[in-house]
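Engineer: Listed below, chain by chain, are the residues.
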Amino acid sequence: MATDLRITLIARDPEPASRVACHLQGTGHKVALLTELGNVLGLIYADPPDIIIADLFTMDAGLLAVVESVKSDSYFSAIPLLGLVKADFAATYNWEHSTLDDFIAHPIDRCELIARINMSRQRIKRIFDNNPLTRLPGNTSIQRAVENVLGTPMAVCYVDINNFKPYNDVYGFFRGDTVLRMVSRIIYNAVKESGGGFTGHIGGDDFVFIVPLERVDSVCVTIIDNFTTIITDLFDEEEKLKGYYVGKNRKGETEEFPLLGVCIAVVPANYPQTRHFGKVAEVAAELKNKAKESGKSCYLIDRRKGG
Amino acid sequence: MQTIPIATAEADMVLARDVRSPANPDGPPLCGAGVVLTQAMITRLRNLGITTLSVKKGSPLMEEDTRLDERLAALDRRFKRVAHDPLMLVLKEIHRSRILRDMGEADGR
Amino acid sequence: MEDKRSKVRSIIKSTQSLPAIPGIIAKLNSLSADKKASIHDMARIVSSDQGLCARTLRLVNSPSYGFSRVSTITNAMILLGVDVVASLCLSSSIFQIMETSVLGLWEHSLGAGTASTIIARKLGLSECAEISTAALLHDIGKIIIKSNFEDDYKQILAMVTTREISFSEAELELLGADHAELGGWLATSWLLPEKLIEPIICHHEVHKSSAHQTKTAVVHLADVLIKASGFGLSGDEYVPQIHPMAWQKLEMNERLLDEIVEELEEKLIEVKNFSMEIQASHGH
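Protein chains in written order, with this note's numbering: chain A, 10 to 316; chain B, 119 to 227; chain C, -16 to 267.
Derived by calculation from the structure, the hints in this document are not laboratory data. Just so it is clear, CB atoms sit at the ideal spot from N, CA and C, and this is done for glycine as well. You may find that some hints are simply not true.
[Stated by the list, open to error] Below are the SDA-like pairs computed for lysine to any residue, each with C-alpha atoms no more than 20 Å apart in a straight line:
#1 B/Lys198 to C/Ser212
#2 B/Lys198 to C/Arg146
#3 C/Lys250 to B/Arg135
#4 A/Lys201 to A/Asn139
#5 A/Lys257 to A/Tyr180
#6 A/Lys201 to A/Arg144
#7 B/Lys175 to C/Ile252
#8 B/Lys174 to C/Glu253
#9 C/Lys250 to B/Ile124
#10 C/Lys(-10) to C/Asn131
#11 A/Lys201 to C/Val65
#12 B/Lys210 to C/His226
#13 A/Lys174 to A/Lys301
#14 C/Lys18 to B/Leu166
#15 C/Lys250 to B/Pro143
#16 B/Lys210 to C/Asn236
#17 A/Lys301 to A/Arg313
#18 B/Lys174 to C/Ile252
#19 A/Lys305 to A/Asp242
[Said to hold, decoys possible] Ranges of calculated distance between the beta carbons of each label pair, as one might list FRET restraints:
#20 C/Lys137 to B/Ile217: 28 to 34 Å
#21 C/Asp66 to A/Glu223: 19 to 25 Å
#22 A/Lys249 to C/Gln138: 45 to 51 Å
Take the sequences, apply the hints, and build the full model.
Structural biologist: In structure tokens:
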């Protein structure tokens, strides 16, 4: 369990709140007890804490308003907010518009409080960053994951879908979204079933996965094979035979578009030159351009070990 | 000769055909025609992925085959409701010939 | 009768899962525990049981995953992942394991799946895996009746025996709908793809198929051939008439029929072996 968290405890009445503050300080955390509502928002914005605990025992309207303000700003909505509440709280609270991440009822069980604090932190870390379409981790988690493997024999792989934009234009966003969901599951399952790794969704049709170097060939092959199998459902017989589908491009002209393919750029994380996340992304972009030249599904591994 | 599911194979049955490995069909047989099966062999073959065996009819311990007349009667019953239709009669005849072919070998080896 | 039909229909719409053969569950359990088991092994087991197959396809086509038109177990496993499929199959059957008395029905469907693959390959058709799935599921209506309308099921079997009528005829008389229609109601409410629903509904009345005539024709023919072969049990022993529309649509002739039956009979010995292994898994 984490210690040394910076906790802001907001309460109208200092009495019961200070006991909670003491206990939390006793377990190693830094607690700021704020009772002047007018100052709360300012102090939080100036120096955002790791956790906010609000004493909602009296369901004070002013306090609730403050809490809502903090959470409504997306920049701060990633800070877990726990409410200390009365026993009948659960039944009477309006959950549809709740801004709380968790609550704990009086009489406060101190162990439970600590546990819930930790749980909320984990939960927020896990879901806050997720792509809403595919529910895969997004850029913050991706960067963290890549940085964690720099200098180790892991492969950072960037996947994107060939000719995705015209497909989206011709068949519409619903079909396009379905393709993205399918690709995300294909990558996720391939990584998981090979023995584990990390899968993330950068956005649009760009994905990242990380697996040990020794497995990267088989994972790439699995992803390409599975993608090819699945997309047979997306095109009809004629289109599959011809190898292209017909639609209008953005200018309104009829054009033949190649069928969807997937292309993977593999950047080994243990090369001397890949010491920074940004460099990894750069190398990947170069590889991807090269890989797309073939026009088919493929993967390319960076073999240039020099600087 | 009769082809049977390996699950019904029993010791002392005699192989009518070579058994080849599914992984290496052009290679040497795992077990040759004429070999008398033992339980150990059957288990080994099953573990190698063999699902059917061709054994000689009249091998000892093989279950009594359903009699020819019983099989033909069952065939008649199955086709009872379509007995007037020429195409269905063709299908029935295909099965009838198979049954006769199958049972016919019981008379000799 | 309309009342009965509506009642049946509403029960079907609220059906959440179908039972599976005990041996299949046992086999799946041992595969899950075996680290060396491959995805193919698992896909093979799941695709041999109509209850598990339908349940899995239901999940992958459901709104919570956002996929549609997924029609084979292989594709479902690619999208859902092996763990999800295994957990789903193992959990959905805990309370609903079919008695072994319906083993015959299971064998019939398995045989139909095999027959349809042989037919589709012989005729050089595309989407063989999808056709095979449709053939596996063609009689799910019968499982629904057995598990949700047990008494009616027994009565239907009795009517078939004493009055020498077909299963469908007895169903229509007693329930106001036959297994083809029932299967269609379930498949529709489970959001299975149209290419699977149509063959289920029209496998006896091929002339009613529209967008998927070829698939329906194959499933129909597969059903006829399995009955002709006497493999498995499907409620009555009567071989149905090959529908002329199916025969024409598939451009069949007697020589092809002969070759297909020949190949099928050989293959059925392996299928019988598989069936016996599955039964043995359940510790008979």
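Engineer: With reference to the structure, classify each hint as holding or not holding.
Structural biologist: Each hint tested on the structure:
1. B/Lys198 to C/Ser212: 14 Å, holds
2. B/Lys198 to C/Arg146: Within the cut-off at roughly 14 Å; holds.
3. C/Lys250 to B/Arg135: Satisfied, since the Cα-Cα distance of roughly 17 Å is no more than 20 Å.
4. A/Lys201 to A/Asn139: The given pair, whose Cα atoms are some 18 Å apart, holds under the 20 Å limit.
5. A/Lys257 to A/Tyr180: 10 Å, holds
6. A/Lys201 to A/Arg144: 16 Å, holds
7. B/Lys175 to C/Ile252: 16 Å, holds
8. B/Lys174 to C/Glu253: Measuring from Cα to Cα gives roughly 18 Å; hence the hint holds.
9. C/Lys250 to B/Ile124: 13 Å, holds
10. C/Lys(-10) to C/Asn131: Answer holds: C/Lys(-10) to C/Asn131 is near 11 Å, not above 20 Å.
11. A/Lys201 to C/Val65: Measuring from Cα to Cα gives roughly 10 Å; hence the hint holds.
12. B/Lys210 to C/His226: 16 Å, holds
13. A/Lys174 to A/Lys301: Holds. A/Lys174 to A/Lys301 sits at ~14 Å (cutoff 20 Å).
14. C/Lys18 to B/Leu166: Holds - the C-alpha atoms of B/Leu166 and C/Lys18 are around 19 Å apart, at most 20 Å.
15. C/Lys250 to B/Pro143: Since the Cα atoms of C/Lys250 and B/Pro143 sit roughly 17 Å apart, the hinted pair holds (cutoff 20 Å).
16. B/Lys210 to C/Asn236: Between B/Lys210 and C/Asn236 the Cα gap is close to 15 Å, so the pair holds against 20 Å.
17. A/Lys301 to A/Arg313: Holds, because 19 Å separates the two Cα atoms, which is no more than 20 Å.
18. B/Lys174 to C/Ile252: Distance of about 16 Å is within 20 Å: holds.
19. A/Lys305 to A/Asp242: At roughly 18 Å apart (the allowed maximum being 20 Å), A/Asp242 and A/Lys305 satisfy the hint.
20. C/Lys137 to B/Ile217: 28 to 34 Å: 32 Å, holds
21. C/Asp66 to A/Glu223: 19 to 25 Å: 23 Å, holds
22. A/Lys249 to C/Gln138: 45 to 51 Å: About 48 Å separates the Cβ atoms of A/Lys249 and C/Gln138, which means 45 to 51 Å holds.
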